[in-house]
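Novice: So the sequence shown is numbered by the working numbering: it starts at 69 and just counts up by one.
Keep in mind the hints are simulated off the structure, nothing from the lab. As the structure is a prediction and not an experimental result, all values here were calculated from the model. Please note that the accuracy of each hint is not assured.
Unchecked claim - Label pairs and their calculated CB-CB ranges:
(1) GLU87 / GLU148: 12 to 22 angstroms
(2) GLU130 / ASN170: 17 to 27 angstroms
(3) GLU125 / LYS172: 15 to 25 angstroms
(4) ASP149 / HIS108: 32 to 42 angstroms
(5) LYS183 / SER132: 26 to 36 angstroms
(6) HIS108 / LYS207: 31 to 41 angstroms
(7) GLU87 / ILE204: 19 to 29 angstroms
(8) LYS172 / LEU128: 13 to 23 angstroms
(9) GLU87 / ASP149: 12 to 22 angstroms
(10) HIS127 / GLY90: 11 to 21 angstroms
(11) SER200 / GLU125: 34 to 44 angstroms
(12) ASN170 / LYS93: 18 to 28 angstroms
(13) GLU150 / ILE193: 15 to 25 angstroms
(14) LEU137 / ASN109: 15 to 25 angstroms
We treat Cβ as the ideally placed atom computed from N, Cα and C, and that holds for glycine.
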Amino acid sequence: DEVSKDNNGEENENTNMNENIGKNKVDFYLFYSDSCGHCHNERTWIDSIKDDYPYVEFHLYEVSEEYELFNKVRDAYKIEDEYVPVTIIGNDYFVGYSESKNRKFIRYIEELSSKENCGVVDVIINNGDVDSCMKINNK
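Using the sequences and the hints given, assemble the complete structure.
Specialist: Listed below in structure tokens is the structure:
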């Protein structure tokens, strides 16, 4: 493993995950409302990072147009709230948005992209086996 130094001069080993970032496609799902300010802010952030993450496929769904899918996703993830935005990355979901979540979103994206993963919402859309998909993401 290569060793690098961070800003504090501490040595860090590059992990296999870092070497594999971006090797696999990652699906990023956002359920939003046009009338939601936080949703608008998250969509603006997505637009600002799209070009930096060519291995991420961003799927944006307006809930009034995709209400049935939104409810199926809420059921699969056991999300009780009907608030938006709802962000789905792998097996994880986030209700609400603030800039403080951006770093966590990127970390989840990079982690998933370094291994085989499954787009759960696509599986829901295609009436597939959600549990099997989630098991792939847990490996």
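Novice: Which earlier hints can't be squared with this structure?
Specialist: Hints 1, 4, 9, 11 not satisfied by this model.
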